[in-house]
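Undergrad: Top line first, the protein sequences correspond to chains A and B. In this text, residue positions in the first sequence follow this note's numbering: the first is 20, and each later residue adds one. In this text, residue positions in the second sequence follow this note's numbering: the first is 701, and each later residue adds one.
The hints are simulated quantities; they were obtained by calculation from the structure and are not laboratory data. Hints should not be assumed to be uniformly reliable.
Covered by chain B, per the in silico footprint, the following chain A stretches (three or more residues, Cβ under 8 Å) [what the hints assert, rightly or not]:
1. 55 to 61
2. 90 to 102
Computed from the model, here is a short list of chain B residues facing chain A with C-beta under 10 Å [said to hold, decoys possible]:
3. 709
4. 712
5. 737
6. 742
7. 744
8. 746
9. 785
10. 789
11. 795
12. 805
Glycine included, each C-beta is placed from N, C-alpha and C at the ideal position.
One letter stands for each residue in the lines below.
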Amino acid sequence: DTGVSQDPRHKITKRGQNVTFRCDPISEHNRLYWYRQTLGQGPEFLTYFQNEAQLEKSRLLSDRFSAERPKGSFSTLEIQRTEQGDSAMYLCASSVRSGAYTEAFFGQGTRLTVV
Amino acid sequence: AQKVTQAQTEISVVEKEDVTLDCVYETRDTTYYLFWYKQPPSGELVFLIRRNSFDEQNEISGRYSWNFQKSTSSFNFTITASQVVDSAVYFCALSEKPDSGYALNFGKGTSLLVTP
Numbered sequence: 020d021t022g023v024s025q026d027p028r029h030k031i032t033k034r035g036q037n038v039t040f041r042c043d044p045i046s047e048h049n050r051l052y053w054y055r056q057t058l059g060q061g062p063e064f065l066t067y068f069q070n071e072a073q074l075e076k077s078r079l080l081s082d083r084f085s086a087e088r089p090k091g092s093f094s095t096l097e098i099q100r101t102e103q104g105d106s107a108m109y110l111c112a113s114s115v116r117s118g119a120y121t122e123a124f125f126g127q128g129t130r131l132t133v134v
Numbered sequence: 701a702q703k704v705t706q707a708q709t710e711i712s713v714v715e716k717e718d719v720t721l722d723c724v725y726e727t728r729d730t731t732y733y734l735f736w737y738k739q740p741p742s743g744e745l746v747f748l749i750r751r752n753s754f755d756e757q758n759e760i761s762g763r764y765s766w767n768f769q770k771s772t773s774s775f776n777f778t779i780t781a782s783q784v785v786d787s788a789v790y791f792c793a794l795s796e797k798p799d800s801g802y803a804l805n806f807g808k809g810t811s812l813l814v815t816p
């Protein structure tokens with residue numbers, strides 16, 4: 020399967036712990052996005068990478084959140100000192116930058132539960 | 701301010717009925733893109749359609765059709781002869797900022813339940 024892959028699919032952590040999620044985009048997709056989706060809501064944009072450069076960060080991305088895409092391929096999203104309010108589905112998407120805009124393809128997400 | 705409004709939170713229909721999902725958007729840009737995504741219980745967002753702001757032609761794809769009207773800032777989605785497999789949450793989304801890689805601004809979604 021060559022779709023967007025996210026790992027893990029589910030994560031349960033205690034409040035105050037750090038967690039890290041991984042996203043493997045579709046091969047050769049140079050754009051990568053992270054979104055957060057809480058229950059009953061639509062996904063909300065967190066951050067955007069073009070290759071290895073993080074070009075945009077939402078105000079939702081507090082200081083406890085950090086995202087990287089070191090070689091312009093896979094990306095990681097780390098949450099430090101997790102809080103119960105961080106419980107959500109974290110979605111990764113990728114797209115390819117071309118003359119004509121192309122749609123983003125989403126992974127199945129990582130569901131985080133902070134207890 | 702909410703840029704994409706999906707006023708219908710939940711819709712329930714009986715199989716074979718037609719159903720329209722409403723989407724109203726807000727933007728000051730002249731160039732933007734509108735989308736519909738489907739999110740089945742498995743959770744993965746499935747792309748359905750993209751429309752750019754310069755193309756107001758309505759589109760039909762099988763049982764799906766979309767009505768884009770710039771005059772009313774609406775991009776409605778109709779499913780004809782609904783089926784149980786259409787049960788999912790449907791999201792309308794707006795993309796307008798090239799600096800953010802055209803990141804998507806989603807509505808809150810409409811949960812569609814199709815019963816036999």
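Undergrad: All the hints need checking, so say for each whether the structure fits it.
TA: To see whether the hints hold, each was checked on the structure:
no.: 1; hint: 55 to 61; in the structure: holds (count 3)
no.: 2; hint: 90 to 102; in the structure: violated (count 0)
no.: 3; hint: 709; in the structure: holds, 8 Å
no.: 4; hint: 712; in the structure: violated, 17 Å
no.: 5; hint: 737; in the structure: holds, 8 Å
no.: 6; hint: 742; in the structure: holds, 7 Å
no.: 7; hint: 744; in the structure: holds, 5 Å
no.: 8; hint: 746; in the structure: holds, 8 Å
no.: 9; hint: 785; in the structure: violated, 18 Å
no.: 10; hint: 789; in the structure: holds, 9 Å
no.: 11; hint: 795; in the structure: holds, 8 Å
no.: 12; hint: 805; in the structure: holds, 7 Å
Comparing the model with each numbered hint stated earlier shows that hints 2, 4, 9 do not hold.
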